[in-house]
Every structure is written in C-alpha cells, then in structure tokens.
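Here the protein sequences come in this chain order: A and B.
Position one of the first sequence corresponds to residue 3 (the numbering used here), numbered consecutively onward.
Position one of the second sequence corresponds to residue 3 (the numbering used here), numbered consecutively onward.
Hints are supplied without guarantee of correctness; some may be wrong.
Identical copies look the same in the list; a pair holds intra-copy or inter-copy alike.
Said to hold, decoys possible - Taking lysine to any residue pairs in the SDA-like style, the calculated list, with each CA pair at most 25 Å apart, reads:
id	residue 1	residue 2
1	K178	R59
2	K269	P198
3	K266	V72
4	K265	R57
5	K266	P319
6	K135	P119
7	K79	H328
8	K235	F32
9	K265	F32
10	K339	A175
11	K135	I359
12	K265	D34
13	K139	E202
14	K266	E33
15	K265	E349
16	K266	P133
17	K325	I337
18	K269	A347
19	K281	S338
20	K269	G120
21	K117	M77
22	K266	S38
Simulated from the structure, these hints should not be mistaken for laboratory data.
Treat the numbers as computed from the prediction; the structure is a model and nothing was measured.
Number of protein chains: 2
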Amino acid sequence: MIVDVHTHVYPPTYVELLRRRTTVPYIRNFEDAPESARLIILPGEDDPATPSTSRGRPIGAEYYDIAQKVAFMDMHKIDASVISLANPWLDFLPCEEAGDAARKINDDVEGLCAKYPGRLYAFGTLPLSAPAKTVVKEIERLAGLEHMRGVIMGTSGLGNGLDDPALDPIYEALQKHEQLIFLHPHYGLPSSVYGPRANEYGHVLPLALGFPLETTIAVTRMLLSQVWDRFPKLNVLLAHSGGTLPFLAGRIESCIRHDGHLKKHGKTEGRRDIWDILKTNIYLDAVIYSEVGLKAALDASGAGRLMFGTDHPFFPPLEENTKEWHSVNANYGAISKAFGNNEEAAEQVLGNNARRILKLSP
Amino acid sequence: MIVDVHTHVYPPTYVELLRRRTTVPYIRNFEDAPESARLIILPGEDDPATPSTSRGRPIGAEYYDIAQKVAFMDMHKIDASVISLANPWLDFLPCEEAGDAARKINDDVEGLCAKYPGRLYAFGTLPLSAPAKTVVKEIERLAGLEHMRGVIMGTSGLGNGLDDPALDPIYEALQKHEQLIFLHPHYGLPSSVYGPRANEYGHVLPLALGFPLETTIAVTRMLLSQVWDRFPKLNVLLAHSGGTLPFLAGRIESCIRHDGHLKKHGKTEGRRDIWDILKTNIYLDAVIYSEVGLKAALDASGAGRLMFGTDHPFFPPLEENTKEWHSVNANYGAISKAFGNNEEAAEQVLGNNARRILKLSP
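Given only the sequences and the hints, what does the whole structure look like? Please build it.
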C-alpha cells in the first residue's frame, strides 16, 4: 500500500480567490500569452527586475481538478493521498476574511475527498490571520470532519514565527484533538542571500535552498522556545525530510550546549533535546530526491517516522510528452536504494506508517 | 595519525589589528569587566538591541598563543594541525591595506608553523578587498612558503559572492598552483530570519544554522555559475561537512533539472552535476557533531574525501574546570560510531586523507 502525504491542491474556492487578486499571490493570464494561466505565489516573485521568475509558473488543471490528482495517483501506483492546500494558504488574508475563507476551503477539500472514498484524506487550512480563538474554533471543527487528518501550516504562524507564545492556545487545541501539523515552507530567505546573479538561476536557489532552510529555522525556533516541553504530544510532520534538520541536529544540539547566554540562564539543561524530539514528536516526509538525504532522515527519526510524498503538482515531468514524473521516481528510487532488501522498512515508509500514524482506512 | 584540518588562530599581527578597531570586527575590554577581553566579529554582533550576544565571546590566549594550540593538540592526541586565520579574515580592510596585511599575517602564520616542525601547517589568507592581481600575487607567493597548503576563504569573495566571474583569475591561479580553498562561513543570514525572539537564544541560530546555510548557498552559487566546468581541477574543502550540501544535493540537482528558466537556456544538460563535483572537487571536514550528519557526508563524498577537524578554539569545554573539549569528543565519537569496525576508513578520515590530500610529511 502506497500513501502520498505531501501532495497539494488549489481547490476551486481558492483558485477563484487568487484570480480576483492583483498582488502576490495571484493567478493571471498575461496579454502576450492569453492561453496560459500563470501562478505567482512566492514573495517578490512578480518583480520585473528578475524576469527569469517574474511570471511564476504555468498553472493547469493538475492544480485544481481532483480527477487529475487521482489519475496521477493511478499512474504512479499511489493508493491513497493526504491532500493539502498549497502555499501560501490563507496567510495573506485580512483577519476579518480568514475565518470564513478557511471554512469554505476546508469544506471544499472535504468534499473532494468524499468523492473518492478510501483514496483521499486531507490536512486542513487554518485562518492564521484571524484571532487565536477563531483558529481554535476551526481546529475543533476540522476534528469532526471525516477526512481531515491534521492541518498544514507555514512558518509564519500568527505573523511572528512558530516560536511565538501567542500560538500556545493553537498548539494546545491541536494536541488535544490529536491533529498533526504538516509544517511546510513558503517564505524562503531574503533575496539578498542569493546575490546579484540570482536572476540567471531561475527558481533553483529559492526552491532548492530557501525552502528547506526556512523549515529548518522554523523548527529550530520551536525547539528553542521549548514548544515540545509545553506540548509533549504535539506532532509535526516536516516537509522535505525536515529541510536540513537531520543533517544539522548534531550541530544544533552542540551549539545549544555551548551557548554562553543559554548557560547563564540555566537553559542548556533540563530540556528535551533534539534527538528526543526527532524520535517522539517529529515525522519526516520522504521528499528528498536522493538516497543520501533519505538515509540521514532515516537515521535521525527511524524508519517508523518517515512517510512517502511527491509534492505533486509541482516538479512536473521533465519533457512535455513524458507521462511519468521524474520527481516522483527520484523519491521512489531513493527509498528502494536506501532500504535495499529490507522490504518491511520500505513498506513502512511507502505507506504503512501513514496508515498507522494518520489512522487511514483505505 | 590524527590531523586537524579545521582549527583557527588569530596570530599576533591580526590581534593587534582587531585591537586598534572600534567597529565590528574588534577586540575590546569593557569598562565594567576590564579583566576580560571580548572578541566581537559577527555582522551586527555589537547591536545593543540584542544584549545576549552584543559582547561577542571571551577571547583568551587560546586564540593567539600557538603553544596553547599545541597543548590542546597533545591533550586530544592530534599529531598535526592545518591552522587557518579565523573569520572574518581581511574581508573588511580598505583595498590599499589588504595586500600588506595579508603578507604580514601569512608570514606570521608561516613562522608559527616553523616553530613546530611536522606538527603545524596552514591555509593562507588572501587580500580579497584588493585588486585581483594583488590576490593572484599573494597566491603565487603562498605557493612558495613551506607550510602553506591552500587558502581559507569566506563566502563574500571580492564582495559579490563566489559565483562572481571576476574571481576567475583567482580560481585559475589556485588551480594552477594546486592550492585548495578552505571555504568557511562568516556572514550568516540576515537577522530577520531569526524572528523577534532571537535575542533569547544567544548565538544558537546564527552559529548552528546561519553558518552552514551560508556555506550551502555559497557552494550552490558556485555550482550554478559552473565554476567547476571552467576549473575542473579546483579543489574546495567545505567547513562543517559542507554546511548542508550532502543532505540537499538531491534536491538541488532535482531543482536544476526541473527549472523552466535553465531549461529554456539549455543549462539543465551538458554540465557537471552535483554528485560528480562532490566526488571530484569537494572535500568535507568532519565537524558535524553527530553520526547522522557524518554518515550523510560520507555517503555524498566517500570516505577518501572526509577530514577530521575541531573548530578550535571555538566551542571550548562546557565547564570551566574541565580539560577535555566536549565539541572535539563529539566529532571523534561521530567518527567511531559511523565507521564501527571499519578501522581503515576511520583512519583515513582521522588523518590519512589529510596527509595524502594536503601532502603533509609529519
């Protein structure tokens, strides 16, 4: 059984919302290419100074037509998918609109899942620009929807990052209702870090590095603010195999233990360390495109905490007339190489973990 | 035989230079603690708005007294060390001062090595704020100094990053004289990424994440600008096991292959890929503080390209009255765990690789 835990949709309600907008994020057809709709979502992505990325990416029916999702699953032998709204979710909405929009989109996604019994589940979307109590109410509502298995969340939280104590009521509600957070990047890094020639490299630096580095920073800030000491049963699934967390965990732990300021305030001891949290609260997807990265993720969290994903509909086939997705096969290939003859562990990662952890009954 | 390839000094010439300065980087004794000199080197580190880090770190004789370096080596059973000036090197000097300063510091360091025959070697420092021809001249001069085995370099290059075509004459000279670059971070990431509570976390975020993420961005920019296609014999030793490069290599390669802009310009094919460069031009130190990270570094580059390091004199013993360095033992421990019973591979990483690659004759 194969389950994809990292696969996105822009349901019709959300596509309409993006079509009505004229600033990032938005969808539009440019006058010189009226037949091709473009999705422009990343911060600064419509900057005319960087023409290599200023028109985002083409958006077709694979982004919003659920039948295409299911056809993709069939082609790549995926039995069930846990779909999630893609970035930037509702982070950008005025606070008074967020609660309503979240309800509509979650109901829309729940409806899509209901069309394909046993094949589709979902992570819900939270109205994070609304007051915390509105967010908590939506968490409670999501807990009652048949196909919801947690929430997808960016790194901004209520606007001040995931180490913001104002998130505590939200973490508490998620813990209480056993709703997992699927933590996903969107904001990347300030473009200055990519230097004056970034325009020559298309989307490579923000996608290949900005995304995973953003995730790593966000989760390390959660660790440093001791979120998991306060909420020991809060579970988080990290996108892209944790950003770079498995690789850097040793350095992070060492820097904490050696830090003069933390030592002075008694904060280097008496806390749950990163390895404990990696093996108790954190799950990792297996979207890392190489055996090297996948084995590090496996070493950090254990085979029982890794779950296959595709990142569909991003990273489509390399050639227009190719059906199979190279990106998906790279992730399948990494699993088969990393596990060699250990079929049981490979099956855990491919689907059995997701079935158990997310209580799927396909 | 054990060789430490990542170990820093601030030789007397450089300490004097920092003592004369009043803006970052500098060394000073504060009026309310006159007995304790402080080293303040990181960008924005003296910002009074972040008191947890605004006085940098204590600096003692372990930073500049070479006898203390050798005593440290003896205690931790290190036979030979390849010392390098610590960050921020000479990046901040006015161009007319850089050439002279580099010569003095390199001669100073060469003299320190000569005091301990067979035990000390060095990576030289380049005057990167001077014109390229001054830099090239110093590379040529370094090639003739008995103990020099390459150069240490930050990620700024001539001010525009390591993907700057203006660096080509410098890369050419380094390749010609078989001088390896030890690529080391200093600038980190813009502080905005650490959020409004960064002050509570001391130096953890800039050191544990800013440093390795900076290295990863720098080396990926080199890759994208095809430095190694132009200079196929240019060798680079990456600090901190490559930042996060081994873990992210698969994602970087996948993002290159999928990039619309690169594809349009025919740049996804006909280039040396990241795995080729990892196994041909890149060496990694073993300063990663965990078995998980070390194994990923090993998987990415092979046991013949990994070299032990300590980062001395940073990350000193955890307790004042302890002699052994926890940070050093964490790196030793990672090697012994990662290699298990494969003593030959462990010996390669501990010293034999460095002896061969850097042509040491201890």
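Comparing the hints with the structure gives:
Taking the shortest alpha-carbon separations for K178 and R59, neither the intra-copy value of 39 Å nor the inter-copy value of 43 Å comes in at or below 25 Å. In this homomeric assembly, K269 and P198 come within 25 Å of each other (Cα to Cα) only across copies, at 19 Å, whereas the closest approach inside a single copy is 40 Å. In this homomeric assembly, K266 and V72 never come within 25 Å of each other (Cα to Cα): the closest approach is 55 Å inside a single copy and 30 Å across copies. When the C-alpha separation of K265 and R57 is checked against a cutoff of 25 Å, the pair qualifies only between copies, where the shortest distance is 15 Å, while the shortest distance within a copy is 48 Å.
In the homo-oligomer, the alpha carbons of K266 and P319 lie at most 25 Å apart only across protomers (15 Å), although the nearest pairing inside one protomer, at 53 Å, exceeds that limit. Taking CA atoms no more than 25 Å apart as the test, K135 paired with P119 passes in neither setting, with 32 Å inside one copy and 69 Å between copies. Taking identical chains as interchangeable, the C-alpha atoms of K79 and H328 lie at most 25 Å apart only when both belong to the same chain, with a minimum of 14 Å there against 48 Å between chains. In the homo-oligomer, the alpha carbons of K235 and F32 never lie at most 25 Å apart, since the shortest distance is 48 Å inside one protomer and 46 Å across protomers.
Only between protomers do K265 and F32 lie at most 25 Å apart by alpha-carbon distance; the minimum there is 21 Å, versus 56 Å within a single protomer. In this homomeric assembly, K339 and A175 never come within 25 Å of each other (Cα to Cα): the closest approach is 39 Å inside a single copy and 40 Å across copies. In the homo-oligomer, the alpha carbons of K135 and I359 never lie at most 25 Å apart, since the shortest distance is 27 Å inside one protomer and 61 Å across protomers. Taking CA atoms no more than 25 Å apart as the test, K265 paired with D34 passes between copies only; the shortest distance there is 21 Å, against 60 Å inside one copy.
When the C-alpha separation of K139 and E202 is checked against a cutoff of 25 Å, the pair qualifies neither within a copy, at 46 Å, nor between copies, at 31 Å. Within a single copy, K266 and E33 get their C-alpha atoms only as close as 61 Å, which misses the 25 Å cut-off; across copies the closest is 21 Å, which meets it. Taking identical chains as interchangeable, the C-alpha atoms of K265 and E349 are never at most 25 Å apart, the minima being 43 Å within one chain and 35 Å between chains. Taking CA atoms no more than 25 Å apart as the test, K266 paired with P133 passes in neither setting, with 36 Å inside one copy and 45 Å between copies.
When the C-alpha separation of K325 and I337 is checked against a cutoff of 25 Å, the pair qualifies only within one copy, where the shortest distance is 21 Å, while the shortest distance between copies is 44 Å. Taking CA atoms no more than 25 Å apart as the test, K269 paired with A347 passes in neither setting, with 37 Å inside one copy and 38 Å between copies. In this assembly of identical chains, K281 and S338 lie within 25 Å of each other by CA distance both inside one copy and across copies; the values are 23 Å within and 22 Å between. Proximity of K269 and G120 under a CA criterion of 25 Å is satisfied in neither setting, with 46 Å inside one chain copy and 42 Å between copies.
In the homo-oligomer, the alpha carbons of K117 and M77 lie at most 25 Å apart inside one protomer (19 Å), although the nearest pairing across protomers, at 68 Å, exceeds that limit. With identical chains, the CA atoms of K266 and S38 are at most 25 Å apart between copies only, with a shortest distance of 17 Å across copies and 58 Å within one.
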